[in-house]
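Below, each chain spelled out in residue letters.
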Amino acid sequence: MIQISRLSKKYKGATDFSVHSLDLSIAEGEIFGLLGPNGAGKTTLISMLCSLLKPSSGSFSIGGLNYRTNKNKLRQRIGIVPQEYALYPSLSAFENLSYFGSMYGLRGKLLKDTIDQQLEIVGLTDFAHKKTKTFSGGMKRRLNLLSGLLHRPEVLFLDEPTVGVDVQSRTVILNYLRKLNAQGTTIIYTSHHLNEAENFCTRVAIIDHGELICEGQPKKLISAQEGAHHLEDLFLILTGKALRDYV
Amino acid sequence: MFKLWASAYKEFLLLTRDLGGLAVLFLMPLLLVITITTIQDSTFKTLEVSKIPILLVDQDQGHVSQNIRENLDNSNLFEVVMATDEKEAQSLVQKGKYQLAFVIPEDLTSGLDQKVRENVETMLSRFGIGEESTASVKSKWSPKEVRLYFDPAAQQSFKTSVRSSIDQMISEIESKTIYKAFQEQLTDDESEVIFDTEHFISFTEINPDTGQEPMVPNSTQHNIPAWTLFAIFFIMLPLGINMVNEKNLGTMIRLRTQPVSYATVLGGKTLVYVLVALVQFTLMLLVGMYLFPLIGLPQLDVSGKLPLLFLVAFFAGLAAVGLGLLVGTIAKTQEQSAPFAATFVVILAAIGGVWVPVFAMPRFMQTLSNLSPMNWGLNAFYDVFLRNVGLRELIPEIALLFTFFIVTTLIALFYNAKKNAV
Numbered sequence: 001m002i003q004i005s006r007l008s009k010k011y012k013g014a015t016d017f018s019v020h021s022l023d024l025s026i027a028e029g030e031i032f033g034l035l036g037p038n039g040a041g042k043t044t045l046i047s048m049l050c051s052l053l054k055p056s057s058g059s060f061s062i063g064g065l066n067y068r069t070n071k072n073k074l075r076q077r078i079g080i081v082p083q084e085y086a087l088y089p090s091l092s093a094f095e096n097l098s099y100f101g102s103m104y105g106l107r108g109k110l111l112k113d114t115i116d117q118q119l120e121i122v123g124l125t126d127f128a129h130k131k132t133k134t135f136s137g138g139m140k141r142r143l144n145l146l147s148g149l150l151h152r153p154e155v156l157f158l159d160e161p162t163v164g165v166d167v168q169s170r171t172v173i174l175n176y177l178r179k180l181n182a183q184g185t186t187i188i189y190t191s192h193h194l195n196e197a198e199n200f201c202t203r204v205a206i207i208d209h210g211e212l213i214c215e216g217q218p219k220k221l222i223s224a225q226e227g228a229h230h231l232e233d234l235f236l237i238l239t240g241k242a243l244r245d246y247v
Numbered sequence: 001m002f003k004l005w006a007s008a009y010k011e012f013l014l015l016t017r018d019l020g021g022l023a024v025l026f027l028m029p030l031l032l033v034i035t036i037t038t039i040q041d042s043t044f045k046t047l048e049v050s051k052i053p054i055l056l057v058d059q060d061q062g063h064v065s066q067n068i069r070e071n072l073d074n075s076n077l078f079e080v081v082m083a084t085d086e087k088e089a090q091s092l093v094q095k096g097k098y099q100l101a102f103v104i105p106e107d108l109t110s111g112l113d114q115k116v117r118e119n120v121e122t123m124l125s126r127f128g129i130g131e132e133s134t135a136s137v138k139s140k141w142s143p144k145e146v147r148l149y150f151d152p153a154a155q156q157s158f159k160t161s162v163r164s165s166i167d168q169m170i171s172e173i174e175s176k177t178i179y180k181a182f183q184e185q186l187t188d189d190e191s192e193v194i195f196d197t198e199h200f201i202s203f204t205e206i207n208p209d210t211g212q213e214p215m216v217p218n219s220t221q222h223n224i225p226a227w228t229l230f231a232i233f234f235i236m237l238p239l240g241i242n243m244v245n246e247k248n249l250g251t252m253i254r255l256r257t258q259p260v261s262y263a264t265v266l267g268g269k270t271l272v273y274v275l276v277a278l279v280q281f282t283l284m285l286l287v288g289m290y291l292f293p294l295i296g297l298p299q300l301d302v303s304g305k306l307p308l309l310f311l312v313a314f315f316a317g318l319a320a321v322g323l324g325l326l327v328g329t330i331a332k333t334q335e336q337s338a339p340f341a342a343t344f345v346v347i348l349a350a351i352g353g354v355w356v357p358v359f360a361m362p363r364f365m366q367t368l369s370n371l372s373p374m375n376w377g378l379n380a381f382y383d384v385f386l387r388n389v390g391l392r393e394l395i396p397e398i399a400l401l402f403t404f405f406i407v408t409t410l411i412a413l414f415y416n417a418k419k420n421a422v
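In order, the protein sequence lines correspond to chains C and H.
Read in order, the letters of the first sequence correspond to residues 1 to 247 in the working numbering.
Read in order, the letters of the second sequence correspond to residues 1 to 422 in the working numbering.
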């Protein structure tokens, strides 16, 4: 589904690569976890895959479409759920979804029915016409999620979709994502919640300093590493315990 | 097209949900135009109705000074307050208590009478009339100086206007004195009319368009176009803030991942903010037509001009929105966009002739004003309001405004594409 070949990104003025010569292949229907400490290059990689950042070198394709030549087709086939709440605070949940859905070409009854249906799944039906500035963090997170997948994307990129939410909201979000995945959506997900990733992902990759350290099924990776009982153990063994402060 | 309408609807919702922003967009321009027009109108009335108090120090006490005083009284411009001491008058003017002190020197009457009489006698004796003996004896008279003390804070235009009026008044008094001296030399009968002292040359102001006396434009007709345009261009302030907000909220990033062009996003904003400009313009017209007469200001006359006025407002709105889109695209923070937009619109207004007419500017600024879209808009409004032109004559100014919109929007699109190239 996604083929990444020698993909690199070096920001203007930076001395090091944020992503360096990364090769990766993600199959259709996977829930793929991109894991790494702060500044490892996860968000940079996702931003390149979502056409938000221009790679310094290398290439990638999604569903056989090269990002250079098929930008608009690619955008129609992918969905992105950014880490920040990318919502209009003075618009209601329905109005936000209606606008973002329209930008994917949804309209009329199809748009309305899709919004109603999705709001019900994430438990926001009763708040559909409330302004989002009144929403709690968990409600905004769920709405943020819906904004990226109204058009039923083939590939969904999620940048820390459960950060800062309570257990209830997290459960709703993850269950919904599993349901989408079961319906055929490929999910690429970043998180610092390694227990969550261990249970949620079918495959993970750990990247550090912009380079791929390991990738595979969580259970297989854990069992292959001596002294690792959970993904978190493996992560600390591979990336070290030093603080990762960066500016 | 559907995405464009959806974008416009979203902008409409964002705008209508921000009541404070709406108040700034619609009420502040009205407040501005009412305030400015009231001040300017009262300035006219100050000159016409409520006279300016001035000090008169009469050291002459003769018929010439009496004549000057009568002329000042009859001018309807001044309220003459008599003072006895020149130094005291000077001090009062220096303190700003009076705008002007007028000092008539000693022996002005006798000096002028003597000078004129001697000149007349000399002239008549050359023609063989009058007494040759007296004409040949010339007294030593020195020119007299009427001294004017202006308040240091008085504006140059006021000084020039007063100097011009007084100069004219003194010339008339001198002429009358000459006529009187001739009269005395030629006849002993004071009632006999020898000279026709009426002005031979007069002037009439004629409208170059109609060939008739022009309708004098009032403060409303000058202010509504100028300040409406100012308000329309102020749109770039909220528009710039709106766009920077979208960047900060992350919604612009989401839009960049969606299959929608930046041109469509800008198109939605353009539709709504041009509509805002037209609503602003409508409110301004309504205020000029219905509110101004109620508060004692001249009524705005728009009879037969509405279609052309709205056409100009539409293109002025486009130009303002184009500038706002450019500012919003380039600015990264509100601290960049808001002060820049506010200052820039004031600069555009200044060089556009909103405050000082372009013809009164230095030559360099006159050239610069040709580059201000506010100048093009203002000329177009004046063309419709005061010169009664048709659509054809408006085309150059409208074309400039439209070109400005296209150019600024293209720069915004190009900048965005360059900045976010993937």
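Certain hints may be false.
To be verified - Not everything, but these chain H residues come out facing chain C in the computed CB check (under 10 Å):
{"hint": "1", "residue": "17"}
{"hint": "2", "residue": "18"}
{"hint": "3", "residue": "22"}
{"hint": "4", "residue": "24"}
{"hint": "5", "residue": "263"}
{"hint": "6", "residue": "264"}
{"hint": "7", "residue": "420"}
To be verified - Covered, in the sense of this in silico footprint (three residues per stretch, anywhere, with C-beta under 8 Å from a C-beta of chain C), are these stretches of chain H:
{"hint": "8", "region": "253 to 260"}
{"hint": "9", "region": "372 to 381"}
Derived by calculation from the structure, the hints in this document are not laboratory data.
Here the structure is a predicted model, which means the values were calculated and not measured.
Virtual Cβ for every residue (Gly too), placed ideally from N, Cα, C.
Hints the structure violates: just list their numbers, smallest first.
Hints 3, 4, 5 and 9 contradicted; others consistent.
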